[in-house]
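Trainee: Starting from the known structure of chain A, arrange chain B on it as the hints suggest.
There are 2 protein chains.
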Amino acid sequence: MNFRNVISILGVLMALNGVFMFLGIPFSMYYDESVNPLLISGSVSVILGVFLWQFFKLKTARQELSKKDGYLVVTFGWITMSLFGMLPFLISGSITTVTDAFFETISGFTTTGASILNDIEAMPKGLLFWRSLTQWIGGMGIIVLTVALVSIIGVGGMQLFVAEAPGISPDKLKPRIRDTAKRLWLIYLGLTLSETVFLMFGGMTFYDAINHSLTTMATGGFSTKNESMAHFESPYIQYVVIVFMFLAGVNFTLTYFGLKFKFKKVWENEEFKAYLSTIVLFTLLTTAGIAFFSEAPYEKAFRDAAFQVVSVITTTGFITADYTAWAHILTVLFFFFMFIGGSSGSTAGGVKIVRHVILFKNSFLEMKRLLHPTSIIPVRLNKKAITEKTTFNVLAFIMIYISIFVFGSIAVSLTGVDFVSTIGAVATSLGNIGPGFGSVGPLENFSHLPDLTKWILAGLMLLGRLELFTVLILFTPYFWKKV
Amino acid sequence: MNFRNVISILGVLMALNGVFMFLGIPFSMYYDESVNPLLISGSVSVILGVFLWQFFKLKTARQELSKKDGYLVVTFGWITMSLFGMLPFLISGSITTVTDAFFETISGFTTTGASILNDIEAMPKGLLFWRSLTQWIGGMGIIVLTVALVSIIGVGGMQLFVAEAPGISPDKLKPRIRDTAKRLWLIYLGLTLSETVFLMFGGMTFYDAINHSLTTMATGGFSTKNESMAHFESPYIQYVVIVFMFLAGVNFTLTYFGLKFKFKKVWENEEFKAYLSTIVLFTLLTTAGIAFFSEAPYEKAFRDAAFQVVSVITTTGFITADYTAWAHILTVLFFFFMFIGGSSGSTAGGVKIVRHVILFKNSFLEMKRLLHPTSIIPVRLNKKAITEKTTFNVLAFIMIYISIFVFGSIAVSLTGVDFVSTIGAVATSLGNIGPGFGSVGPLENFSHLPDLTKWILAGLMLLGRLELFTVLILFTPYFWKKV
Numbered sequence: 278m279n280f281r282n283v284i285s286i287l288g289v290l291m292a293l294n295g296v297f298m299f300l301g302i303p304f305s306m307y308y309d310e311s312v313n314p315l316l317i318s319g320s321v322s323v324i325l326g327v328f329l330w331q332f333f334k335l336k337t338a339r340q341e342l343s344k345k346d347g348y349l350v351v352t353f354g355w356i357t358m359s360l361f362g363m364l365p366f367l368i369s370g371s372i373t374t375v376t377d378a379f380f381e382t383i384s385g386f387t388t389t390g391a392s393i394l395n396d397i398e399a400m401p402k403g404l405l406f407w408r409s410l411t412q413w414i415g416g417m418g419i420i421v422l423t424v425a426l427v428s429i430i431g432v433g434g435m436q437l438f439v440a441e442a443p444g445i446s447p448d449k450l451k452p453r454i455r456d457t458a459k460r461l462w463l464i465y466l467g468l469t470l471s472e473t474v475f476l477m478f479g480g481m482t483f484y485d486a487i488n489h490s491l492t493t494m495a496t497g498g499f500s501t502k503n504e505s506m507a508h509f510e511s512p513y514i515q516y517v518v519i520v521f522m523f524l525a526g527v528n529f530t531l532t533y534f535g536l537k538f539k540f541k542k543v544w545e546n547e548e549f550k551a552y553l554s555t556i557v558l559f560t561l562l563t564t565a566g567i568a569f570f571s572e573a574p575y576e577k578a579f580r581d582a583a584f585q586v587v588s589v590i591t592t593t594g595f596i597t598a599d600y601t602a603w604a605h606i607l608t609v610l611f612f613f614f615m616f617i618g619g620s621s622g623s624t625a626g627g628v629k630i631v632r633h634v635i636l637f638k639n640s641f642l643e644m645k646r647l648l649h650p651t652s653i654i655p656v657r658l659n660k661k662a663i664t665e666k667t668t669f670n671v672l673a674f675i676m677i678y679i680s681i682f683v684f685g686s687i688a689v690s691l692t693g694v695d696f697v698s699t700i701g702a703v704a705t706s707l708g709n710i711g712p713g714f715g716s717v718g719p720l721e722n723f724s725h726l727p728d729l730t731k732w733i734l735a736g737l738m739l740l741g742r743l744e745l746f747t748v749l750i751l752f753t754p755y756f757w758k759k760v
Numbered sequence: 278m279n280f281r282n283v284i285s286i287l288g289v290l291m292a293l294n295g296v297f298m299f300l301g302i303p304f305s306m307y308y309d310e311s312v313n314p315l316l317i318s319g320s321v322s323v324i325l326g327v328f329l330w331q332f333f334k335l336k337t338a339r340q341e342l343s344k345k346d347g348y349l350v351v352t353f354g355w356i357t358m359s360l361f362g363m364l365p366f367l368i369s370g371s372i373t374t375v376t377d378a379f380f381e382t383i384s385g386f387t388t389t390g391a392s393i394l395n396d397i398e399a400m401p402k403g404l405l406f407w408r409s410l411t412q413w414i415g416g417m418g419i420i421v422l423t424v425a426l427v428s429i430i431g432v433g434g435m436q437l438f439v440a441e442a443p444g445i446s447p448d449k450l451k452p453r454i455r456d457t458a459k460r461l462w463l464i465y466l467g468l469t470l471s472e473t474v475f476l477m478f479g480g481m482t483f484y485d486a487i488n489h490s491l492t493t494m495a496t497g498g499f500s501t502k503n504e505s506m507a508h509f510e511s512p513y514i515q516y517v518v519i520v521f522m523f524l525a526g527v528n529f530t531l532t533y534f535g536l537k538f539k540f541k542k543v544w545e546n547e548e549f550k551a552y553l554s555t556i557v558l559f560t561l562l563t564t565a566g567i568a569f570f571s572e573a574p575y576e577k578a579f580r581d582a583a584f585q586v587v588s589v590i591t592t593t594g595f596i597t598a599d600y601t602a603w604a605h606i607l608t609v610l611f612f613f614f615m616f617i618g619g620s621s622g623s624t625a626g627g628v629k630i631v632r633h634v635i636l637f638k639n640s641f642l643e644m645k646r647l648l649h650p651t652s653i654i655p656v657r658l659n660k661k662a663i664t665e666k667t668t669f670n671v672l673a674f675i676m677i678y679i680s681i682f683v684f685g686s687i688a689v690s691l692t693g694v695d696f697v698s699t700i701g702a703v704a705t706s707l708g709n710i711g712p713g714f715g716s717v718g719p720l721e722n723f724s725h726l727p728d729l730t731k732w733i734l735a736g737l738m739l740l741g742r743l744e745l746f747t748v749l750i751l752f753t754p755y756f757w758k759k760v
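Going line by line, the protein sequences match chains A and B.
Taken in order, the first sequence gives residues 278 to 760; the numbers are from the working numbering.
Taken in order, the second sequence gives residues 278 to 760; the numbers are from the working numbering.
FYI, nobody ran anything at the bench for these hints, they're computed from the structure.
Any given hint could turn out to be false.
Identical chains blur together in the list; that is why a pair holds if it fits in one copy or across any two.
[As the list claims (entries may be wrong)] Derived DSS-like pairs (lysine-lysine); straight-line CA-CA distance at most 25 Å:
#1 Lys-542 / Lys-661
#2 Lys-550 / Lys-661
#3 Lys-638 / Lys-666
#4 Lys-344 / Lys-537
#5 Lys-542 / Lys-334
#6 Lys-502 / Lys-541
Predicted model only: the values in this text are computed from it and were never measured.
Isolated chain A, as found in the complex (with noise of 0.2 Å):
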């Protein structure tokens, strides 16, 4: 390990992280607010970002990360941006404690939303701006990571996303990082502008209109309302954002192809036909649900349950109605799909479809592994047979999930919080969603939780976003072993 590499690229990402923060300075200008949160924690972290960069850099020059400098960066990466990130928040004395201030951060960049502010509209305009602003970025950092730190890392998911791109393979990408990124990077911009304008189109102020967009295409789910997208009842802003999410959900290699018109591409791969009956036809059970137990008219609850649906799959977290309050095969319902998460390659966090997938066809195989003890049987995506190392990552991967859901729940329910909330902030926590249930459910937010539990959610959210592997292994001994 390169500490000094590792610093000194923790200084570029908190540098980067002080522009971005000048960013919500226009709106608090045209808001007539103050611009000293914004401009005095923008300014810190570009000196102090560009002081360590400099200090640290190697002289040594093209100084390669090796793959455990890559972990390092990455975890402390996100967990620098959050100390940061939270400055103006605490500057301008919008939120008082630094418990509540690191939360709503890393709630942001790890695209999760949950919030503990119980009066959203009362805050500045600039900092709700940079709030919204902390979610794009997160969404960013993924997929920058996807494409140009998947040759280091190599962790299942993004293994698979890999075998997924077009002629890229893992030792060929090196050279094509830039590129990938850009491309990946451009439609990222593109789908979060074309949200604007049809936002907009739809009734929408320029300032709402950009909050929603950022924090949709980042599937991060922070609103500028109190009532998240139930404030907006227009039923075409409602169809917008729901068509929006499910394209941020969508591994954007193959929105890629789509701009493309290579429509056979995206129709064949498996994860996206997994995704898109995924949320076809938990929307018509969720749409028959409440048509049966409610009277809403049909449009109104397929419309409900398309945007609940597609909200919890992809991981936004917006709302335009509680679900908690439905009938309990929908409470029990939308408790499972926590668990489900969008697409790799996509800004969408929890467990990923592409691994369910996996995980489906392998118990069935392991059914054929029984009657026929002798033969290799492995599981195939994509008409490929995938490697047994990769399968192996992927059930690890979903038992570790698991576990540390398990682990969780106990941590968070010894802090004294009730059953059902414990393994609502839980699940929505590590599943980067936003929303749980009971006293953290949709119309409440995670303000009065005790303080320990925030830190051990805020903890969840990070594991969560950051594919498990690349935090936990740094408390593993072999890590830290010198080879």
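Mentor: Chain B only, in chain A's frame:
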């Protein structure tokens, strides 16, 4: 597949089942009840069973069971036993519907212990004895299955059990089946009788003592009292039951070693160490919880904690206190305890400790594999590397277990049951435990559930008891394909 052979063996099981029914008749006579229900049901079972056995018996001598025949015998064996085992309840009129009678009986044969009886003490004593006996037969069935059919079926947990057995490799097992099965059956019988003596020593009547011993050693949990074991307030009796529940959850081969004073073999067994540590740790944690949240004296807190922890982890399901009325944290803990299960090679159900041991080791090693992608890093159990095939099977088992929990919960909540009761009922049925949460909690029973729900839960009991694969494999195309 050879259906004649399968039906013939089912006939033998049916006839044996009938003989067991006759064992309840002395109690009916002693307590001046009608002997008809047991006499008629037993006779029908024996006559029909002997007929099927003889009629379908193959003429060729020494016809061996194929693997596929084995799967069919096991699954349909349990179903046949339950279908005929419910006759006494229906004939006597003490259970009025087929749904309830089947639920109660399969809950017995699967050693689950969930009951639909609102007033257990009003039941005829002879029938209650038969009810306890169904659990004991089910427990014995699992032991015989573990030993005798492992070479035919070779399912995960059982493979591991065989690896444990002294000098028995699956290849060498067959000649020794009779010996091993007899030895373990003697331990099972011996422990049951010992417990009866110990319980009578504490003041229980012979009738109550034998009933509770039968259901303790089967890790079943049916009681002759409405309040389950809470009826017996004697600390001595409760401690006796704790000890025997613990023993029932130990691999019977290890108990055999223990009886031969080969304690080193017991102590070196990783599953036993994990089983013991889990129980000690969770008992202490629960004791602390009870002591902290209530004003119970320490001994009472410890006893209540130990009883409920051992009861749930061994999947017995006896109750001396309502764990769902304890603090939030304890409710959360007990929900997760339902997914632990006892040791392989015991009568306990659930996921089983050895699978958790492999799961945790594998999850930890996956991190090492990520850092050293070219090395082959196997999981080691009891100082021996286990094959990738076995690890794969264990991971697949756990994943399928969780998937069935999820889909089972969705199915049950579709029948209109509330969230907490749903996940409690499904977890407890699949894990063969007994009591759940909410409306099926320790102080409640399953009688109020809709019929459809009861059938779903009955199916889950069977799946859980037969280690999932044994039942699920019948639903795959691979099974029915001619080779």
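Trainee: Flag every earlier hint the structure violates by its number, smallest first.
Mentor: Hints 4, 5 and 6 contradicted; others consistent.
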